[in-house]
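Peer 1: Guided by the hints, dock chain D onto chain A, whose structure is given.
Heads up: the protein sequence lines correspond to chains A and D, in order. Residues 1 to 149, numbered by my numbering, are exactly what the first sequence covers, in order. Residues 1 to 388, numbered by my numbering, are exactly what the second sequence covers, in order.
So, partial list: chain A residues that the calculated Cβ filter (under 7 angstroms) puts toward chain D: (1) H24; (2) S77; (3) T105; (4) P115; (5) V139.
What the hints contain is simulated information worked out from the structure, not anything from laboratory work. Predicted model only: the values in this text are computed from it and were never measured. All C-beta atoms, glycine included, are put in the ideal place defined by N, C-alpha and C.
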Amino acid sequence: MTDQFAGDEVRADGGESPPGNAGHDEWLDALADGDGYALVCPDGHGSLPPRRVCPDCGSTALSREPLPETGTVETFSVVHVPSPEFADDAPYVSAIAEFGPVRLTGVLRGVEPDPDAISVGRSVNVGVEERVTDKAPLVAFRPVDAADA
Amino acid sequence: MTEARVAGVGLTHFGRHPNRTGRDLFATAALRALDDAGVPRGDVEELNYGNFMGALAEHQGHQAPLMAEAAGLDCPATRYEEACASAGVAVREAVRTVRAGDADVVLAGGMERMTNLPTDEVTEALAIAADDLFEVRAGVTFPGAYALMTTAYFDAYGGSRGDLAHIASKNHENALPNEYAQFRREVSVEDALSAPPVAEPLHLYDACPITDGASALVIVSEEYAEARDVDARVAITGTGQGTDRMALADRDHLARTPAADDAAAAAYADAGVEATDIDVAEVHDCFTIAEVFAVESLGFFAPGEGIRAARDGVTTADGDLPVNLSGGLKAKGHPVGATGGSQIAELTRLLRGDHPNSEHVADAEVGVAHNAGGTVASAVVHVLEVAE
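Just chain A, same shape as in the assembly (with noise of 0.2 angstroms):
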């Protein structure tokens, strides 16, 4: 269970630790792992942090589970005008994935940036990799072959 108070404290450093998105970096960085995973209330509802709340609930019973292996492509675009950060990731595939009880959004990579190349329902596993265009990380998805999965 997170506390959900956790980080308010008054800090006895002044604060002198490098900026940040607590929560986030620290969710991105488990993603790398491999041990990525979505916050859960005790009614099933999934949640990414950072988060002190279930924002579908209320509760601030919030536990960490595990994301499955494997997601499911449920919406994508393949983006040809991108914002300055990706000017040369484009084209690229901006895709919507639901593992379990959360949807990711990400960059669809191993695939032809062609809506025919893709589909909703394409079986997908989700990693952290680099931009194209400046390194900075990324939440990458990458097709898995269903007889494999």
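Peer 2: Just chain D now, with coordinates in the frame of chain A:
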């Protein structure tokens, strides 16, 4: 409770004005609205001003006092920000203020300056209406988000790029006589289908343009209008707002917009009308697919049925329920923070009979305006009725 009336409307031309400051654009709209209303500026008791990306586009925060000054107003001034629904919430709060009896005259509207930035920077600025940690960093652009919703819609209900092209073509045709519209040229279904892709399945003519512009409305109490003999025939009889989860991935359904369902239900209940009472609508078609979501959320069509409305001629100018006679965001333009006010300005002109497209809705008595923020994490709906 007093009724809120639209006493006057003002718009700038929507389009490319890369050298005009935001303050100049808003002053133009505000002065036009005050002139249209015949209300002295000294009577304005509050300014509700919508703006989304002024801190990025003009390096200017704290814009409300600046805009009050530019419009010659000396009154409390507040900026409202709700992405593309910023002016919609500014108007909604003006209606609530007047109804509460806290003010008799409120100037409400908004401004956005966009074309002074290069396209990639505008793309980046618009993306901040999405969840930065889980969407923007994961490659979601604003068109990309609507493209994700489009793929999900096609998968759930069917539909085609051709259906969307009919929406683009309809709205471009509606903009032809509109003096304020950015694009006053026809776009055929074939033109739309052959345009380059932006975020597939959406192509260039599925997307609204990048636009500079401002809108302003003079909202007054019924009593003020009567006492000062102000012509304020159009009343805002219903207002509603809805909110959804910020990130698309967290929504219950990827191909529906429940925040707009909620806003519409609240606005209809407030006005005492039903979807079948509506004669004309201005809806938030930032992308062609967004018009489909809007007409479904407004209750004109069941989920999955709105996609064919333009192709079947129901929502065209001569159809049973004309949608976006102004040209919509698609052809009139979308200066983000001004759009919600401009929809109500256009609807007011349509209902008063002084819009170049009023002839198509000569007997209309009830109109609805639908304004959405982001991928409809926010939605504001207003019902307008001819009061006398």
